[in-house]
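Asker: Sequence:
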Amino acid sequence: MYTSLFVPYAKLKSSSSLGNPASASCPLQMSPSRVVVRFGGSFSANCTSLSDQTDGMGWESPYGGVDLTQGVTSLLFTIDSVPEWELGPMCYVNSRDGDQCTEILPVTVYKMPDSVSLRQNSTTVKEGEQFAIQCDIVNVAPARNLSVLWHKGNKILNSETFDDSRPSPVSKSSVLTLTAHGGDDGAEIWCEAKLNLWPGEQGPTMMRSKSHSVTVLRARTTFGVMLAVGVAVGVLLLIAVAFFVTPNGTFSFNKSRYQPGTPSG
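Just so you know, we're using this note's numbering here: the sequence shown kicks off at 49 and counts up by one.
Source of the hints: derived by calculation from the structure; they are not laboratory data. Misleading hints may appear alongside valid ones.
Distance condition first, Cα-Cα at most 27 Å in a straight line; then the derived BS3-like pairs of lysine-lysine [what the hints assert, rightly or not]:
(1) Lys200 <-> Lys258
(2) Lys159 <-> Lys220
(3) Lys174 <-> Lys200
(4) Lys220 <-> Lys203
(5) Lys203 <-> Lys258
(6) Lys242 <-> Lys203
(7) Lys203 <-> Lys174
(8) Lys258 <-> Lys220
When you get a sec, could you build the whole thing from the sequences and use the hints?
Answerer: Here it is as structure tokens:
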């Protein structure tokens, strides 16, 4: 156990920077300015005092706290295995005039989903009908930084974020509603879970579901049905002409034995 000499009294001054350049009233700098760490992972951060009146420094934290250390202007904070979903380690500096200033190191603890999967009641839909596909993201943290991206082939159809401040893992679902078109037959639809914690493409690989084989039953319009019937009747008439109409235009079931000028059988 460490012995903290952090003093929450009236002369305490807090740095308003929280990762920005040190302020004149509390000249502290954190390196890095913020931490993103996997649950159970490790990290370290250095706190530096820019004041020439520094008497001592320390880190206040239930995990990895560092006792007040005299005669230093820089002090390292380390956690070998992050045990909680919320951490707020605070660096404090005692000045020779009795003042004390502090700064909290922003720490975000994350967990990638256990799984990302799709669900649909029916894999076959009729053209013109609406259908819904659900994307299930299991045990992810923090949900406030989660976004779900919906893809159809190489095209992004939609994205969704969640208003959930809980830091510990939760399960979330996103539902995509579409209207079936003939061109969608055989299209691959899939979802992707992304934690927006890092700039650009840094951080762990995003997790995606397996693709889903949408089958669209094309609907026949009334005109299409009438056209098909008309074509069929026309074909039958052509067959009748070929087999039963004689050269002089009369109708005979015995066309092959028909002789001009004689009665048909």
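Asker: Take the hints in turn and mark each one as holding or not.
Answerer: Verification of the supplied hints:
1. A distance of roughly 12 Å separates the Cα atoms of Lys200 and Lys258; the hinted pair therefore holds under the 27 Å criterion.
2. Under the criterion of a C-alpha separation no larger than 27 Å, the hint pairing Lys159 with Lys220 is consistent with the structure, at around 14 Å.
3. At roughly 18 Å between alpha-carbon atoms, Lys174 and Lys200 fall within 27 Å of each other, so this suggested pair holds.
4. Between Lys220 and Lys203 the CA atoms are separated by roughly 23 Å; this keeps the pair inside 27 Å, and the hint holds.
5. With a CA separation close to 16 Å, the supplied pair Lys203 and Lys258 stays within the 27 Å bound.
6. For a cut-off of 27 Å, the pair hint linking Lys242 to Lys203 stands: about 16 Å separates their Cα positions.
7. Restraint check for Lys203 and Lys174: satisfied, since their Cα atoms lie roughly 22 Å apart, inside the 27 Å limit.
8. Using a Cα cut-off of 27 Å, the hinted pair Lys258 and Lys220 holds, with the two alpha carbons roughly 17 Å apart.
The structure fails none of the hints (numbered hints given earlier).
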